[in-house]
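A.B. asks: Given the coordinates of chain A, assemble chain B with the ligands onto it according to the supplied hints.
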Amino acid sequence: MSIFETLRTAMRALLSNKMRSVLTMLGVVIGVGAVVAMLALGEGTKADIEKNIRSLGSDVLTVRPGQAQMGQVRGGNVETLKVEDAEAVGELPGILQVAPSAQASAQIKFLSNNVSASVVGVTPEYFEVQKLVTQYGAPFSETQVRGRRRVAVLGSNVAMKLFPGSEPLNQRVKIRGLSFQIVGVLAGKGEGFSSPDDQVLVPLLTHQTVLFGRDYITTMTIQVENENDLDNTKLEIEGLLRSRHRLRPEEASDFNISSTKDVLATVGQITGMLTAFLAALAAISLLVGGIGIMNIMLVSVRERTREIGIRMAIGARRGDVLLQFLIEAVVVSLLGGVIGLGVGAGIAFTLSKVAGTGFVLPLYAVALSLGVSLATGVGFGVWPARSASRLDPVEALRYE
Amino acid sequence: MTAAIQLEGLEKIYHEDQPNIAVRAVNGIDLTINHGEAVAIVGPSGCGKSTLMQLLGCLDRPTRGSYRLEGQNVSRLDDDELAHVRNRRIGFVFQSFNLLARYSALENVALPLMYSSVDNPAQRARAVLERVGLVNRAGHLPSELSGGQKQRVAIARSLVNQPAILLADEPTGALDSRTGEEIIQLLLELNAAGTTLIVVTHDLALARKLKRVVRLRDGKVEADGPPEQVLAEAPAGVQ
Ligand SMILES: Nc1ncnc2c1ncn2[C@@H]1O[C@H](COP(=O)(O)OP(=O)(O)OP(=O)(O)O)[C@@H](O)[C@H]1O
Ligand SMILES: [Mg+2]
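Chains as they are written, first to last, in the working numbering: chain A, 1 to 400; chain B, 1 to 239.
I should point out that these hints are in silico values taken from the structure, not numbers from a laboratory.
We treat Cβ as the ideally placed atom computed from N, Cα and C, and that holds for glycine.
Wrong hints could be hidden among the right ones.
[What the hints assert, rightly or not] Have a look at the derived ranges for each label pair, beta carbon to beta carbon:
{"#": "1", "chain 1": "A", "residue 1": "Ile3", "chain 2": "B", "residue 2": "Pro19", "range": "19 to 27 Å"}
{"#": "2", "chain 1": "B", "residue 1": "Arg76", "chain 2": "A", "residue 2": "Tyr399", "range": "26 to 34 Å"}
{"#": "3", "chain 1": "B", "residue 1": "Asp119", "chain 2": "A", "residue 2": "Phe277", "range": "28 to 36 Å"}
{"#": "4", "chain 1": "B", "residue 1": "Asp119", "chain 2": "A", "residue 2": "Leu351", "range": "51 to 59 Å"}
{"#": "5", "chain 1": "B", "residue 1": "Arg61", "chain 2": "A", "residue 2": "Glu5", "range": "26 to 34 Å"}
{"#": "6", "chain 1": "B", "residue 1": "Asp79", "chain 2": "A", "residue 2": "Tyr399", "range": "13 to 21 Å"}
If we strip away everything but chain A, and leave its shape as in the complex, we get (with noise of 0.2 Å):
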């Protein structure tokens, strides 16, 4: 028989009995769908995640308190980097400029509005090494920052609800109970993830002084002349802040270098192990899924044993009868998983824009979740076509 004859055989059969097939397809729908669902969220976030990163340029360090364990979660002490230690660092060769920064959460209040948002301790340079861009008014001066003023640029996110509708240029705010005038406004940046879109920016010693009482940062962003040395000039910062420091060689040390491709290494890590967690989850619920097919399958066999008796008397090979009921479950099996890619973007589709992450639908799935779904087909269809076509003609045709 042809494969279109047979391809035809099998569609009637799966209509002949509907509701049936529907639920059979139901299984691998599910899984497929679910699986699609995930790897499009994953790779959505992943892709923000690692634009957010990049747009940091790929010339920049970024050094923070606290030691490196498992990969980059930090641990210890973290009050180990000082202003001194950046500016030190800014006194070596190769190094364009270095922005200090200290990093603490507050209430922010304008009136009766009220936001919780990131204050940020800066220099001047800070808006340069993080390429921020001030929508209204101007980034900080260096007058500014020495002479602590208690001044704000404000994250776009965090004007907008202090702010609804109104100017905030030149208005004061209240920052854990001080006044704070504005001075500028960023532009949106339009990310999801610790984006400066809702941080406030205030000067690093009014930071540390007025606001915190500290005098340790947070984080030291550094910009190197030339991004094709990023390597040894990690290696050099490392050498004089861990000398700074007093660390003796056993010591490991109490800070960490960070470039934007470890960063970016460290997420594609653990975005495979988060991959690698929904190949497992894909694998059992297709599991589930095949069974159901393969269940399924061995029923209609049983039930249609005498439809199989009267095909091979009038001429069916056993490569027929087999072909017959593996095509079957393989389009089960196939349009299961097509309809479940398109649930699963679906799904995918409309959590990224109530979430307002990306929507990235990543060939692979789309290859995977149809290769899968065949091969689960194929897989689970085997066993009881194969049944089907050893049958005996003579007891098949005997069969009630």
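C.D. replies: The following block gives chain B with the ligands in isolation, referenced to the frame of chain A:
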């Protein structure tokens, strides 16, 4: 000229490996049937008629003995070769019609053509359906046909690949006597047109219409000859 069917020492033993339940359903049959003959097979219930027909129809293999179909020894063929014989060279008509319930009359008739990939299957099926007088029912499902009509569809299906030999195991068994007679009439017409015909029947009136009658008993040929001779001496055990 070679015979259509030539059997020598044909045996079919069910469960031969388990002596206490072994059944010698066909127990050494020698039989030659020539092209164009019309043969009735009669005998008491359980004497092995259906078993013999299954062997003749290549649905089953003999335990022992040889079966030559148009000179070719088919008892040694593999599964695919037997399927090919069933598809092309032998038509089989069953007592219970054995039509596919979800396929129309025309599609049922065309079914053997699906397994032999010929051109214009629908056209050929329609021509055969015309021959059994059922073109006007081509689109009907078996459930929408009478018993006699179903059997006509089944006969059309058995003819669609123009086999040389037509086997029918109690083709009238599920029909009333008048309809049964019409079916036998149709089979005889096909025989007159050249098809070798072998019919198993319990109905001696129908058996009488065929030129040759073979009577079986306990898996063996008990009598073989023209109906006047074989059926006259028939013991009371045969209905
Ligand atoms: N698959 C089988 N396994 C075991 N024994 C069988 C099988 N098929 C048939 N038999 C036995 O073989 C013998 C012949 O059966 P068969 O069906 O050929 O008889 P029959 O002449 O067609 O009878 P009837 O007129 O009732 O149809 C019977 O005793 C039957 O019980
Ligand atoms: Mg019988």
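A.B. asks: If a hint holds in the structure, say so; if it doesn't, say that too.
C.D. replies: Now for the hints, and whether the structure bears them out:
1. Ile3/A x Pro19/B: 19 to 27 Å: 47 Å, violated
2. Arg76/B x Tyr399/A: 26 to 34 Å: Hint holds: Cβ distance 28 Å, inside 26 to 34 Å.
3. Asp119/B x Phe277/A: 28 to 36 Å: 56 Å, violated
4. Asp119/B x Leu351/A: 51 to 59 Å: Holds, since aspartate 119/B and leucine 351/A (Cβ atoms, about 54 Å apart) stay within the stated range.
5. Arg61/B x Glu5/A: 26 to 34 Å: 28 Å, holds
6. Asp79/B x Tyr399/A: 13 to 21 Å: 19 Å, holds
Checked against the numbered hints listed earlier, the structure breaks hints 1, 3; every other hint is satisfied.
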